[in-house]
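Number of protein chains: 2
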Amino acid sequence: MFISKEVQPSATLKFSQKAKEKIAKGEIIYSLGLGEPDFDPPVELIESVSAAAKNGFNKYGNSMGLDSLRLHIAQKLQNENGIPCEKDDICITFGAKQALILALMAILQPGDEVINISPCYVSYVPQIKIAEPNAIIKNVDLCRGDFSLDFQMIEAAISGKTKCIILNSPNNPSGKVFTRAEFDQLISLLSDSEIYLISDEIYEYLNFGQYGMISPGSYNEVAGRVFTINGFSKSFGMTGWRIGYMAVPKKQRKSISTLVQHINTNVTSFIQKGLEGIYNIDRGYLNSYNMHLRKMAGYITDELNAAGLQVIKPQGGLFCFVNVSAKGLKSDDFAAGLLDEQNVAVTPGIAFGENWDDYVRISFAGKEKEIRSGIEGIKKFLQ
Amino acid sequence: MFISKEVQPSATLKFSQKAKEKIAKGEIIYSLGLGEPDFDPPVELIESVSAAAKNGFNKYGNSMGLDSLRLHIAQKLQNENGIPCEKDDICITFGAKQALILALMAILQPGDEVINISPCYVSYVPQIKIAEPNAIIKNVDLCRGDFSLDFQMIEAAISGKTKCIILNSPNNPSGKVFTRAEFDQLISLLSDSEIYLISDEIYEYLNFGQYGMISPGSYNEVAGRVFTINGFSKSFGMTGWRIGYMAVPKKQRKSISTLVQHINTNVTSFIQKGLEGIYNIDRGYLNSYNMHLRKMAGYITDELNAAGLQVIKPQGGLFCFVNVSAKGLKSDDFAAGLLDEQNVAVTPGIAFGENWDDYVRISFAGKEKEIRSGIEGIKKFLQ
Numbered sequence: 170m171f172i173s174k175e176v177q178p179s180a181t182l183k184f185s186q187k188a189k190e191k192i193a194k195g196e197i198i199y200s201l202g203l204g205e206p207d208f209d210p211p212v213e214l215i216e217s218v219s220a221a222a223k224n225g226f227n228k229y230g231n232s233m234g235l236d237s238l239r240l241h242i243a244q245k246l247q248n249e250n251g252i253p254c255e256k257d258d259i260c261i262t263f264g265a266k267q268a269l270i271l272a273l274m275a276i277l278q279p280g281d282e283v284i285n286i287s288p289c290y291v292s293y294v295p296q297i298k299i300a301e302p303n304a305i306i307k308n309v310d311l312c313r314g315d316f317s318l319d320f321q322m323i324e325a326a327i328s329g330k331t332k333c334i335i336l337n338s339p340n341n342p343s344g345k346v347f348t349r350a351e352f353d354q355l356i357s358l359l360s361d362s363e364i365y366l367i368s369d370e371i372y373e374y375l376n377f378g379q380y381g382m383i384s385p386g387s388y389n390e391v392a393g394r395v396f397t398i399n400g401f402s403k404s405f406g407m408t409g410w411r412i413g414y415m416a417v418p419k420k421q422r423k424s425i426s427t428l429v430q431h432i433n434t435n436v437t438s439f440i441q442k443g444l445e446g447i448y449n450i451d452r453g454y455l456n457s458y459n460m461h462l463r464k465m466a467g468y469i470t471d472e473l474n475a476a477g478l479q480v481i482k483p484q485g486g487l488f489c490f491v492n493v494s495a496k497g498l499k500s501d502d503f504a505a506g507l508l509d510e511q512n513v514a515v516t517p518g519i520a521f522g523e524n525w526d527d528y529v530r531i532s533f534a535g536k537e538k539e540i541r542s543g544i545e546g547i548k549k550f551l552q
Numbered sequence: 170m171f172i173s174k175e176v177q178p179s180a181t182l183k184f185s186q187k188a189k190e191k192i193a194k195g196e197i198i199y200s201l202g203l204g205e206p207d208f209d210p211p212v213e214l215i216e217s218v219s220a221a222a223k224n225g226f227n228k229y230g231n232s233m234g235l236d237s238l239r240l241h242i243a244q245k246l247q248n249e250n251g252i253p254c255e256k257d258d259i260c261i262t263f264g265a266k267q268a269l270i271l272a273l274m275a276i277l278q279p280g281d282e283v284i285n286i287s288p289c290y291v292s293y294v295p296q297i298k299i300a301e302p303n304a305i306i307k308n309v310d311l312c313r314g315d316f317s318l319d320f321q322m323i324e325a326a327i328s329g330k331t332k333c334i335i336l337n338s339p340n341n342p343s344g345k346v347f348t349r350a351e352f353d354q355l356i357s358l359l360s361d362s363e364i365y366l367i368s369d370e371i372y373e374y375l376n377f378g379q380y381g382m383i384s385p386g387s388y389n390e391v392a393g394r395v396f397t398i399n400g401f402s403k404s405f406g407m408t409g410w411r412i413g414y415m416a417v418p419k420k421q422r423k424s425i426s427t428l429v430q431h432i433n434t435n436v437t438s439f440i441q442k443g444l445e446g447i448y449n450i451d452r453g454y455l456n457s458y459n460m461h462l463r464k465m466a467g468y469i470t471d472e473l474n475a476a477g478l479q480v481i482k483p484q485g486g487l488f489c490f491v492n493v494s495a496k497g498l499k500s501d502d503f504a505a506g507l508l509d510e511q512n513v514a515v516t517p518g519i520a521f522g523e524n525w526d527d528y529v530r531i532s533f534a535g536k537e538k539e540i541r542s543g544i545e546g547i548k549k550f551l552q
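Heads up: the protein sequence lines correspond to chains G and R, in order.
When the letters of the first sequence are read in order and numbered with the numbering used here, they come out as residues 170 to 552.
When the letters of the second sequence are read in order and numbered with the numbering used here, they come out as residues 170 to 552.
It should be emphasised that the hints constitute simulated quantities derived from the structure, not laboratory data.
No experiment lies behind these values; they were computed from the predicted model shown.
Errors might be hidden in some of the hints.
As the list makes no split between identical chains, a pair holds if one copy fits it or if it spans any two.
Stated by the list, open to error - Below 20 Å or equal to it, Euclidean Cα-Cα: the simulated EDC-like pairs (lysine to aspartate or glutamate) are:
id, residue 1, residue 2
1, K228, E205
2, K482, E545
3, K187, D236
4, K223, E445
5, K332, E205
6, K189, D257
7, K187, D509
8, K228, E539
9, K464, E205
10, K223, E213
11, K496, E216
12, K174, D209
13, K420, D207
14, K223, D207
15, K538, D209
16, K191, E255
17, K420, E324
18, K330, D471
19, K420, E510
20, K194, D207
21, K194, E282
22, K464, E523
23, K228, E213
24, K536, D257
25, K419, E472
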């Protein structure tokens, strides 16, 4: 395939390389870069997965996923998210990330346009270009004042060639959770179109602000045109396990099924078996973790606003996206300088979209002590 | 992406559907269709993988793979296969299947030609077209008399646009193990070119005939142009685990690394950790299994030759590819009729290449008793 210039190694790599060099020299790094919760998977899931391997669930399986797990997920999406779907709509994937690229591969034709809400997860743009090198990406920025959807710009970006819009709520990197009013307006904009919505809901259970979770797949007006994408990585502490899923629009089921047959064969059989009741386990630990996230979101917002930066308080997810233009540096220079001088690792805004070079992403996924040390480092760097 | 007509669901699906219907009705099916060994993963590997999950190897990891496992594989490829490679050349993937499509994605540009040795694994052709919809596939058939490489045809197929040749030895579906003489001749044909070799060596340890395993990556003449692809599925009874790998030519390392970052993030971290010493375990069970395969290969060859079919005795792999033209049916009609009348499931030759519609693939991966019943059914069907 033609690998376009948009398909580059993650912009965060050079910082992790520099951080590794410092660690090798014995220096302590305060990492506000990583995007994974710091808790382990629930013990009962580790046990059920181990038992499944011991009990022989080690052979080829259905390419779309283990039926019992697909049914469990379909019921979850119906009951919790109001999405009308059935077992056969569900495709289990190697992480939500793979679900996203499969959806793009299934629907994008050369010349199709994708409306990508920016700033966004670092892999969206490369994934679009891997899935279809001749797709045209129209980035539409969130409003700078409050990270709300900019409907004027979205409407202006829509054309007869628009194939899909990619949405992520709770949002990485902005911390925004889109509101009912925003979803209503977006859906009404799309209701008479044939545009697909790809809804990345991976941070669903990390939602600690005032806005409830809304899944666009629950709107009748766009029925049959929404890929609802989610996974277990963030909420169950299993980022490395790579188990995600999507609810596939019926008219795309054959394409997705064909692609996963020839790309995956199946997703790890014993893990699927071990997770077949995953949403039934006690998720009380998520309450404590969300309390931690809320506290850290407030702390970072208050501290950095007081230090002269512009911070919009995150409502969900693991990140705070901070305007650092007061320092007068481009985002990668800011991040490199901060790492050099204060041993604090953050992610430059440019990694999340070309118009966000005056921002950095600060993760509050980790331990409070490390976060506080990191924020103190940032404050010193600003002086 | 443009999904071309070559990208179709596996041709074997309609048979498995029919077989399922029969099973649901309480009928016994003799399955000679499946391509997976019937033994479980070694207990110590199930235990080490479970321990890795318990011990916290559940987070994001290196996109190219866990360093300890990559080093272990590089040493195996050096020592057993004579391939000069190092840790950083190794990429761990979700199965050998994913390694193959990643290699194709990395190297193929629109208009490039791929020489595909036919008959071949059912996913090669769809994978080429998924990786690059505008690639041109030149299928070159194995010689019908002995399934040897047809060098006249290969030479005729090579052009200035040839980007790669895909080879699979031991071969699915033919059971052929390419000889030293064949590899010598192939390599000399390619030595002054820039053509890549993609060598699928997944059946390496299922090799029960007279020919030793040869890895084309060991030839200096094509150094830097061979993707050596292998995995643990077939030899360690873990087809459903989906752990494969490839040795990546140095000049393609950056492309592969970028692709896996944006497609996989990483391959399941605790499984990689648990398998970091996989080639050190006692593989005595493979001796017994290869004895079973040799016995079954001989049995099937003798029985079906005696029954009037043309059978070339398999040397490796799990399959016998049988010329059934004596029955006067196209391969899918043969397979459908055999399933209908005798409850025996085989795979039609057309699934492995358009010129092989007078063949069927018979798997001898399973239990002797089932294989004997299946062969008896075929003999009755032929009468």
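* To do: Enumerate the violated hints, using their earlier numbering and listing them in ascending order.
  => 5, 11, 12, 13, 16, 17, 18, 19, 20, 21, 22, 24 and 25
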